[in-house]
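With chain W fixed as given, assemble chain P onto it according to the hints.
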Amino acid sequence: MSDNVIEVRGLLKLYGATRAVDAIDLDIRRGEIFGLLGPNGAGKTTTILMLLGLTEASGGTVNVLGFDPVRQPLQVKRRVGYLPDAVGFYDHLTARENLRYTARLLAIPRRDAEKRISDAMESVQLADVLDKRVATFSRGMRQRLGIAEIVMKQAEVAILDEPTSGLDPHATFELLEMIRGLKKAGVAVLISSHLLDRVQSVCDRVALFNRGKIALMGSVVELANQVLGAGHPILVEASGVDIAVALRGVEGVQTVVPEGAPGSGNGAWRVVADRDVRAAVAQRIVSSGGSLTRLADLQPSLEEVYTRYFEEVRDAA
Amino acid sequence: MLPRRGPRGSKREGSPFTGLGPVFMKEFADHLSSARMMVLMLFVIVFGAFPVAASLQQLRTVTEQDSYLFLRIFTSAPESLPISFVFALNFIIPIMAIGLGFDAVNSEFNRRTLSRVLSQPIYRDALLLGKFLGGLATLAVALAALWLIVFGAGLLLLGLPPRGVEVARGACFLLAAIAYGGVWLAASLLFSVIFRSTATSALCALGLWLFFFLLWPMIASAITIGFAPSQIHSAEQYLAVEQLGLVLARFSPGTLFSEAVVGLLNPETRTFASMLPAQMRGVIPGAPLPLDQSLILIWPQITGLIAGMIVVFAAAYVIFQREEVRA
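If you read the sequences in order, they're chains W and P.
No gaps in the numbering here: position 201 of the first sequence is 200 in numbering that gives the first Met the number 0, and each next residue is one more.
No gaps in the numbering here: position 286 of the second sequence is 285 in numbering that gives the first Met the number 0, and each next residue is one more.
Chain W extracted, bound-state conformation:
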């Protein structure tokens, strides 16, 4: 049994002469959180709609949980939960009535449905507004209601399109917690977003979209190695010692460059090594008579990867 829940091969979508999605390959594994990242208009939403069979592909194959979304859309949609970008609910109905309608569309037996609705609302911390009209809900609450719908559906795969856009930091944090909760429940989650730092914290793997193509794919660390160069960057700040000279002999260190304005005395230095050399660096600085004021591990940030990558693309063009 394969561990992939979604397999995409050579997926293509043409709008006239424009290639909105240009022959992409994509695998999503069971129980992982996968991020589809990229600027607006890069083809993320189109890809998602093709996964659900809501838009017909111009070419290529898609396999979702063993089903073809074009020919067996009902089977796919029964097992996949979808939270669209800026999800809408019927404002004149209560949260419960909205979910009840979905439950009827899913043909969930009535008694089951009531239990599943209240459990799902509990899991997104909306149990207290179950019988309030959705018109009174904030954007964050609507997104959570959308997650509740996926929970109620007991979906095997959740596809979330820009779930955090337009949310305040606190609401974003809560939503990401709920997405982690989905993963814990064994749901494979596909998130599309252009907000990188938020998404980075939850994604196991990401794919970077650019003009309909997947430019990069892998875990954040892998991408960082690919784009920012291999190596383990750390930040060193010390006084009373010439860091560049002192660190030259440390085993594993590849480059030592000043961070920020050069020649500012006790400025920070960026050290890139092929492994974690923090202990060795600290020892060397102390033994050279300097006093270490800062030693930080620089986590590769997706933001950096993203910015650097698109700079390179632009320079190449």
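It is worth saying that the hints were derived from the structure and are not from the lab.
We put the beta carbon where it would ideally sit given N, CA and C, even for glycine.
One or more of the hints may lead you astray.
[Claimed, not checked] Some chain P residues close to chain W (C-beta under 10 Å, calculated; not the full set):
#1 Ser32
#2 Ser33
#3 Arg110
#4 Arg115
#5 Val116
#6 His232
#7 Val324
Here is chain P on its own, set in the frame of chain W:
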């Protein structure tokens, strides 16, 4: 590679009617509880009550023998208010139908509920058909209520129970009215699929209705006059011209509805065109036709209305299938 479940083939699987029931029930419930429905009912009562009240006033003074007195409530146009109830229905029904359908699909789109609903296991077929049937059921309930009110008022004020055949003719008339409403409901649904803006779609539907209600009779007669020979020499020629006029006029669903209603509620009606003397042989003027003969007379009108409804709905269906769901 993921193993494929299910057979291969180019046909999509599953019934297109999966989920039709829930969509229908939701639409029906939404319509019945909506403020818009209240407004429409108020509108109907105001425009329906005056002709009915006026014709009842007049019918109470009728002394001559009339075996279809009850049906006259629907058709008589009293001097005090020169519109009959049926004529009022002729423009109330389209407005009701347009009011129920003009935002059926585009409002889902604008509220961003469309992609969420379509990501549930239903086809677009079920969504569109459910919306249409929900609207039609609402219209049917409203018209049936109106019909019962008129019958009840007739019972109270005329103090005369309707005969069985009058009730049967009245029931057929109700069905014709629902079919007529269906045409306009399908048309407004079509506009709600074509236009993203609800205001534009309402305007277009009302514009189309005004065109058929006000302009088309004039255009039809202008075309007929244009095609008619300058001098008519024979009865055949006259009939040919008249026929052309009738055919053109029947492009308007309102004409089809009026003819169906006249055939049903005025049992004396034998034809909608002129009769030649040869055809008049043996006819007792003013004698009513039996119900089955009246039904045969108006059958083309009824099928025309239903066919129109299906054609317009099919157009909406085709366009909706091709529409992009993304915002």
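Hints versus structure:
no. : hint   : verdict
1   : Ser32  : holds (8 Å)
2   : Ser33  : holds (8 Å)
3   : Arg110 : holds (4 Å)
4   : Arg115 : holds (6 Å)
5   : Val116 : holds (7 Å)
6   : His232 : violated (60 Å)
7   : Val324 : holds (5 Å)
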